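*Asks:* The lines below spell out each chain.
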Amino acid sequence: MDIKHLAKKIRLHTLQMTSQAGSSHVGSVFSMADIIAVLYGATLKKDPNNPKWADRDRFILSKGHATSGLYAALAECGFFSVEKLNTFYQDGSSLLGHISHKGVPGVEVSSGSLGHGLPIGTGMAYGAKLDQQNHKVFVLMSDGECDEGSNWEAILFAAHHKLDNLIAIVDYNKIQSLDQVSNTLGLEPFADKWKSFGWEVLEVDGHNLEELHTAFSNLPRKPNLPTCIIAHTVKGKGVSFMENTVLWHYRSPQGEEYASAVRELESQL
Amino acid sequence: MRDAFIKSLSELAKTDPRIMLITGDLGFGVLNDFAKNYPKQFLNAGVAEQNMTGLATGLAMEGRVVFTYSIANFPVMRCLEQIRNDVCYHNANVKIISIGGGFSYGPLGISHHATEDISIMRAMPGMTTVVPGDLWEAAESAKALINTEGACYLRLDKSHAPRTEDKEKEFIIGKARCLVEGKDLTLISSGGILEVTLEAAKQLNKKGISCRVISMHTLNPLDEEAILSAAKETGGIITVEEQTVQGGLGGAVAEVCLEKGSYPKAFYRIGIRSTKTSLAGTQTYLRKAHNMDENAIVSHAVSLIEKKLQLTS
Chain A
1 MDIKHLAKKI RLHTLQMTSQ AGSSHVGSVF SMADIIAVLY GATLKKDPNN
51 PKWADRDRFI LSKGHATSGL YAALAECGFF SVEKLNTFYQ DGSSLLGHIS
101 HKGVPGVEVS SGSLGHGLPI GTGMAYGAKL DQQNHKVFVL MSDGECDEGS
151 NWEAILFAAH HKLDNLIAIV DYNKIQSLDQ VSNTLGLEPF ADKWKSFGWE
201 VLEVDGHNLE ELHTAFSNLP RKPNLPTCII AHTVKGKGVS FMENTVLWHY
251 RSPQGEEYAS AVRELESQL
Chain B
1 MRDAFIKSLS ELAKTDPRIM LITGDLGFGV LNDFAKNYPK QFLNAGVAEQ
51 NMTGLATGLA MEGRVVFTYS IANFPVMRCL EQIRNDVCYH NANVKIISIG
101 GGFSYGPLGI SHHATEDISI MRAMPGMTTV VPGDLWEAAE SAKALINTEG
151 ACYLRLDKSH APRTEDKEKE FIIGKARCLV EGKDLTLISS GGILEVTLEA
201 AKQLNKKGIS CRVISMHTLN PLDEEAILSA AKETGGIITV EEQTVQGGLG
251 GAVAEVCLEK GSYPKAFYRI GIRSTKTSLA GTQTYLRKAH NMDENAIVSH
301 AVSLIEKKLQ LTS
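Protein sequences, first through last, are from chains A and B.
The numbers in the first sequence follow my numbering, run straight up by one, and end at 269.
The numbers in the second sequence follow my numbering, run straight up by one, and end at 313.
The hints are simulated quantities; they were obtained by calculation from the structure and are not laboratory data.
Incorrect hints may appear among the rest.
Chain B is faced by these chain A residues, among others (derived, beta-carbon under 10 Å) [to be verified]:
no., residue
1, Lys102
2, Ser110
3, Gly112
4, Asp131
5, Asn134
6, Leu185
Just so it is clear, the structure is predicted and the values come from calculations on it, not from any experiment.
Here a beta-carbon is modelled for each residue, glycine too, at the ideal position from N, C-alpha and C.
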């Protein structure tokens with residue numbers, strides 16, 4: 001699958017879905033779009049015709065507010081029809097505004113309240129170890145989400161139990177709900193925190209597809225250590241006026257803003 | 001109750017490798033044998049109930065039947081959102097075990113008093129809520145929970161209530177047990193306070209008041225038939241539970257009676273009404289301090305009978 005094309009489709013679908021729905025979190029999707037494209041375009045062992053295939057890799061979107069991006073990737077990968085994306089946020093739709101697994105093939109875990117994905121992923125990874133299964137468990141988290149104490153409970157647990165089949169990816173776009181992360185609850189020295197908790201840490205450019213692909217292809221990086229991949233990203237990446245702004249955590253693309261965003265994305269290769 | 005339950009669970013774990021027991025770093029001296037005999041089915045998650053509950057959900061999604069275990073409010077309130085969003089919404093096979101219901105850990109203070117858990121847990125979507133009344137029910141509940149798909153809550157307390165085995169020798173979730181027949185009044189009890197309720201019924205019988213005693217060991221699904229028959233046949237209901245009166249057993253019984261239009265002539269909820277729970281004390285002392293001991297049940301029953309007679313005459 002052409003990863004670059006998938007990343008572009010994720011962004012275009014998201015614009016269309018959030019515009020039609022009048023919903024938020026475009027910036028949060030755009031910062032993770034390249035990560036999702038590499039995972040679904042290349043990394044994850046999956047079978048759209050058999051979403052519950054026992055040997056599949058498990059993927060948990062813990063930043064459940066960025067749901068439209070994952071729905072788009074799943075549709076593009078054939079888990080369900082692209083037309084279903086038009087029902088996003090609408091009355092009676094199973095495509096909810098925060099990710100939900102019910103009636104949506106390919107979605108492993110529902111989230112929306114932050115700090116839930118990593119503990120669940122930890123359980124899946126522990127179960128895989130008990131059963132001597134080789135699949136991996138990927139959990140994509142937001143940076144603001146790292147404020148939640150529940151994550152640090154799971155981080156302790158995963159290192160203690162040597163869960164090297166667990167990979168936490170942090171979409172580190174440096175902006176959370178109301179302000180910069182550094183002005184809210186600073187995470188730095190972020191990599192050192194994970195390291196001191198016993199994780200192997202890798203920092204990557206979260207928009208460099210090759211770098212992401214290499215990082216996701218060589219796991220675990222060290223036997224017995226869970227891996228944290230800190231992906232440095234730009235909130236709103238791909239549409240110039242959305243990049244690095246708090247505003248586009250919430251604003252829904254309408255009218256000329258929508259048209260202009262589509263034009264800018266379409267003009268990219 | 002705790003020991004009876006763990007013994008029963010251990011026996012089941014022997015032949016069912018799906019069973020896992022995760023503790024939040026509690027159970028000193030109680031879980032040792034389980035941990036030793038079934039090392040792959042036991043886990044101490046540390047003092048981290050949110051992760052414990054998420055972890056249990058993940059394990060359940062991978063095919064296990066997971067019991068989370070801790071004291072009083074710790075496995076319930078500290079991780080309530082994980083229970084709602086992770087366990088319940090995913091219909092995960094997670095069974096939450098709280099030991100020390102009510103005032104079991106009386107002298108330890110309010111942090112260790114589980115006094116709102118029943119109403120909270122029965123409000124969780126799809127949460128099978130079991131509150132055994134004696135050792136037999138506690139032991140039987142292990143198997144019954146394993147055979148019940150999805151989220152379950154089990155509240156055990158420290159009482160050593162004698163076994164009141166069923167004639168049919170079967171414990172059925174959602175099916176109340178009538179332990180004593182009676183025609184003047186029904187005492188419906190949940191949890192270890194059942195032994196107090198049975199004693200009160202004996203005293204009332206001596207006073208010429210014929211009391212039916214029901215162990216309502218399951219709050220969800222609720223045995224509506226048992227409640228409606230009690231209302232119709234005895235005309236008076238007193239609910240007895242060791243938790244606040246808001247929304248627990250008493251609330252559940254009242255809801256059924258009102259909605260189904262089967263109104264008992266007299267009704268009272270025995271439970272915690274006062275917020276003054278700052279005193280140290282044994283379970284027995286605190287039950288008395290909160291007007292939910294044997295004498296309190298008797299005196300409420302007597303006045304309820306008077307009220308019933310006034311309404312009838």
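*Asks:* Against each hint, give a clear statement of whether it holds in the structure.
*Replies:* Going through the hints against the structure:
1. For the restraint placing A:Lys102 at the interface with chain B, the shortest Cβ-Cβ distance is roughly 8 Å, inside the 10 Å limit, so the hint holds.
2. With a cut of 10 Å, the hint placing A:Ser110 at the interface with chain B holds, because the nearest CB-to-CB distance is about 6 Å.
3. A distance limit of 10 Å between C-beta atoms decides the matter here; for A:Gly112 the minimum to chain B is near 7 Å, and the interface restraint holds.
4. Given the 10 Å rule on beta carbons, the hint for A:Asp131 holds: about 7 Å separates it from the nearest Cβ of chain B.
5. Evaluation of the A:Asn134 hint against chain B yields a violated restraint, the C-beta minimum of about 14 Å exceeding 10 Å.
6. Annotation: interface hint on A:Leu185 violated; nearest CB of chain B at approximately 18 Å, more than 10 Å.
Consistency note: the structure conflicts with the earlier hints numbered 5 and 6.
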